[in-house]
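S.K.: Sequences listed follow chains L and D, in order.
My numbering applies: residue 37 is where the first sequence begins, and numbers increase by one.
My numbering applies: residue 617 is where the second sequence begins, and numbers increase by one.
Treat the hints with care, since some could be wrong.
What the hints assert, rightly or not - No farther apart than 20 Å at their CA atoms in a straight line, the calculated lysine-lysine pairs in the PhoX-like style are these:
#  : chain 1 : residue 1 : chain 2 : residue 2
1  : L       : 74        : L       : 144
2  : L       : 151       : L       : 74
3  : D       : 657       : L       : 39
4  : D       : 682       : D       : 630
5  : D       : 630       : D       : 671
6  : L       : 52        : L       : 74
7  : D       : 657       : L       : 144
8  : L       : 147       : D       : 630
9  : D       : 636       : D       : 671
10 : D       : 671       : D       : 682
11 : L       : 52        : L       : 106
12 : L       : 74        : D       : 671
Think of the hints as simulated: they come from the structure by calculation, not from any bench.
Here are the chains, one letter per residue:
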Amino acid sequence: AQKVTQAQTEISVVEKEDVTLDCVYETRDTTYYLFWYKQPPSGELVFLIRRNSFDEQNEISGRYSWNFQKSTSSFNFTITASQVVDSAVYFCALGAYGGSQGNLIFGKGTKLSVKP
Amino acid sequence: GAVVSQHPSWVICKSGTSVKIECRSLDFQATTMFWYRQFPKQSLMLMATSNEGSKATYEQGVEKDKFLINHASLTLSTLTVTSAHPEDSSFYICSARAWNQPQHFGDGTRLSIL
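Take the sequences, apply the hints, and build the full model.
M.R.: Below you can see the structure in the form of structure tokens.
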């Protein structure tokens, strides 16, 4: 069975702190995609990153970084020097690999509150 | 970047009416579109997957006669909630993707049935 677990329901930090959002997944597929999406209070889902399973290089994009560890089935997301605008619900998701990739399996989300 | 437009963003209507929600991919051709439902403080629940020109594939427990999905072109899919009742009140969000590309989501529609 495929499953995504985001154990942290809510996290609260003070601005400029670093914060890591955890994501653990289960799949029997040997190749797959992993995603992170951001859902601010306004409701829309914003695509942040897609990572394929055979690329374990960590990725950095500005203040965002992602650590993919296939050995532990984890795809954690770190925000460095957090800002109030980072306050949102963050979803990790698992998807099938390939052009005809199917639907996404979402975790339950982690609500991040960044206080000034 | 890829843009998906969803309309309307907010609907309030009386019980028994039907409501149509549109999802458009503005700058790419969407081979597949997805419809999700999200309850407050919960994750997204996939309702159905639709490929252009084909009948939608509904997830278990989703009534296909209640939630009509049409995907008539590579840029437009519609979800019609027929004979809506208060329990259908929710946040509905669509996504679209081109071949081998990530899903991009619309802004969502908040549906309130009185």
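S.K.: Please go over all the hints and tell whether each is borne out by the structure.
M.R.: Now the hints, each set against the structure:
Taken as a hint, the residue 74 of chain L and residue 144 of chain L pair is honoured in the structure, with Cα atoms around 12 Å apart against an allowance of 20 Å. Annotation: proposed proximity of residue 151 of chain L to residue 74 of chain L holds, straight-line Cα distance about 18 Å (limit 20 Å). For the given pair, residue 657 of chain D sits about 19 Å from residue 39 of chain L by alpha-carbon distance, which is consistent with the 20 Å threshold. Straight-line distance between C-alpha atoms of residue 682 of chain D and residue 630 of chain D comes to about 16 Å, which keeps the hinted pair within the 20 Å bound.
Restraint check: the Cα-Cα separation between residue 630 of chain D and residue 671 of chain D comes to about 29 Å, which exceeds 20 Å; the hinted pair is violated. Between residue 52 of chain L and residue 74 of chain L the CA atoms are separated by roughly 19 Å; this keeps the pair inside 20 Å, and the hint holds. This hinted pair checks out: residue 657 of chain D and residue 144 of chain L have alpha carbons roughly 9 Å apart, not beyond 20 Å. Only pairs whose Cα atoms come within 20 Å are accepted, and residue 147 of chain L paired with residue 630 of chain D is rejected, the gap being roughly 33 Å.
Our distance criterion of 20 Å between C-alpha atoms is met by residue 636 of chain D and residue 671 of chain D, whose separation comes to about 17 Å. Taking the CA atoms of residue 671 of chain D and residue 682 of chain D, the gap is about 15 Å. The hint holds against a cut of 20 Å. Distance hint between residue 52 of chain L and residue 106 of chain L is unfulfilled; the C-alpha atoms sit about 29 Å from each other, more than 20 Å. As the CA atoms of residue 74 of chain L and residue 671 of chain D are separated by approximately 30 Å, the hinted pair breaks the 20 Å bound.
Of the hints listed earlier, those the structure fails to meet are numbers 5, 8, 11, 12, in rising order.
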